[in-house]
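K.L.:
Chains as they are written, first to last, in my numbering: chain A, 1 to 420; chain B, 421 to 516.
Worth flagging that the hints you see were computed from the coordinates, not collected in a lab.
Even for Gly, the Cβ is constructed at its ideal location relative to N, Cα and C.
Treat the hints with care, since some could be wrong.
[To be verified] Derived list of chain B stretches under chain A, where covered just means 3 residues or more per stretch with a C-beta under 8 Å from a C-beta of chain A:
id	stretch
1	434-444
2	471-485
3	493-500
[To be verified] If we take Cβ atoms under 7 Å as the criterion, some of the chain A residues that face chain B in the derived model are:
id	residue
4	Ile-252
5	Pro-255
6	Glu-257
7	Ser-302
8	Tyr-306
9	Arg-398
10	Phe-402
11	Arg-403
[As the list claims (entries may be wrong)] Dumping the calculated EDC-like pairs for lysine to aspartate or glutamate here, alpha-carbon to alpha-carbon at most 20 Å:
id	chain 1	residue 1	chain 2	residue 2
12	A	Lys-253	B	Glu-452
13	A	Lys-231	A	Asp-37
14	A	Lys-173	A	Asp-187
15	A	Lys-253	B	Glu-435
16	A	Lys-3	A	Glu-107
17	A	Lys-253	B	Glu-468
18	A	Lys-173	A	Glu-158
19	A	Lys-219	A	Asp-37
20	A	Lys-10	A	Asp-28
21	A	Lys-253	A	Glu-104
22	A	Lys-253	B	Glu-503
23	A	Lys-249	B	Asp-473
24	A	Lys-253	B	Asp-446
25	A	Lys-253	B	Glu-458
26	A	Lys-249	B	Asp-446
27	A	Lys-253	B	Glu-434
28	A	Lys-291	A	Glu-356
29	A	Lys-253	A	Glu-356
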Amino acid sequence: MNKTRYSAFKVLKEALTGHKGWEPTWRDAEPKSDGYDVIIVGGGGHGLATAYYLAKNHGITNVAVLERGWIGSGNVGRNTTIIRSNYLLPGNEPFYELSLQLWENLEQDLNYNAMVSQRGIMNLIHSDAQRDAFIRRGNSMLFADAGCEYLEAKEVKERYPFLDMNNARFPIKAALAQPRGGTVRHDAVAWGYARGASDLGVDIIQNCEVTGFNIENGKCLGVQTTKGDIKANRVGVCVAGSSSRVMAKAGIKLPIESHVLQAFVTEGLKPVMDNVITFGAGHFYCSQSDKGGLVFGGDLDSYNSYAQRGNLPVVEDVCSGGMAIMPMIGRARLLRMWGGVMDMSMDGSPFIDSTEVKELFFNGGWCYGGFKATPASGYCYAHLLATDVPHEVATEYRLDRFRRGAMIDEKGVGPQPNLH
Amino acid sequence: MIINHPLLGPRDSEEFVYLGSTDLIDRPTNWEKSAAAEDFYQYQYIRENIAGDIQELWYHEQGDQSWLIVTRNTLTHEIKNVEFAQDFSRAKGRGR
């Protein structure tokens, strides 16, 4: 068990004594032969958070997290690090607000520096219709105690003089801001949860791919892996990006398509923007990392894909969106770009639910909003796995909601996954 | 990606609009039967979402406005075959 407590004093002590007292952040484990109470399939942010909250909130510590590669090698390592709780619909907003509240206390809770920076997020408004929609969204946020701020064009211009206020197609009329939104050091989230879970007794097993489920009479008894069969009383799948592939091994088809989303970072620049700015009408969102790079992203590549890379037309589209609203970025050079595979659901909202197979649970369908949801996803999934009852803020995230006509379609585009 | 159009030759995928799997061709026809709700649910919302070779519908919006069936690998983006949706449907016994 890892007992090291991180603090400024510890850093100073280690600096003066040759850094010989540091221990591994978490314990690398091998599967136990007598099995587990709960197996979490997927060692990403959501899976590790689930294991942590199972142990911390529910006292269930005989837990294993199985990861095909190394922990944090999926979307928690490939996103644009934004956190916010600016949703409209009642099925979503309380969930994302719980997530933001958990982010606010994450570092103290985990004793791990995840660089949570509540620098604020600002959504630009370009028309009267959009203004009405955003004010409605703002009211929804106020109902959930998420807080928001409506900014007139003059205030937007004063704060961010580099924005093109008079773009011919998308003039900036106003903005809706959430000052509590911001960014987080994404890898540190996976490492912090891994450390927290490992300290509480959870086994984190890397390079252990789940190749099948042992199902008898409609009940899941464990998993087959590249390290042999492992027994479990309950299995929670948490592999967004590969959900359809993994659940197919249990014979379950999902209302999900996989799509690739690209993200970009420029070379390091001096500080130019102190918050997150989103240009939703042009599918462009941007923030500046602590290293100075502008981190930005845009739209999906639009065709089904499991490749963690995209194509050039979207690069051009995203960059031209950025140029339209923020012409100053034209002289910055792109340093890196990458793609991540998204579970795109049929209404743009996720799932945290039991399945038709007893003792097999599913968490996925996060579209491209999974990172900000990490703490609440783990919190609510742990609640479901421990108590059989959905957490009160996650009651709408059911797999059968399309059959019941109870979609949570935040964007209102219907069952066309590449448009959410 | 370059899509080799059967009539127009190699075309940039940007000229096309993507719809999805060819499963979407077979819209349920039993709307008056009691199984219709379930069939339409499966048709509209549930996806095979295969990692590997899939057959999918692309619409040549900025070209000759034909519907094409593209056989493409979702892991590598390699395109292996392109044919007209009309030919594909007729070969499966549909009227169009």
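K.L.:
Where does the structure disagree with the numbered hints, that is, which hint numbers, in rising order?
P.N.:
Per hint list: 4, 9, 12, 14, 15, 20, 21, 22, 26, 27 and 28 violated.
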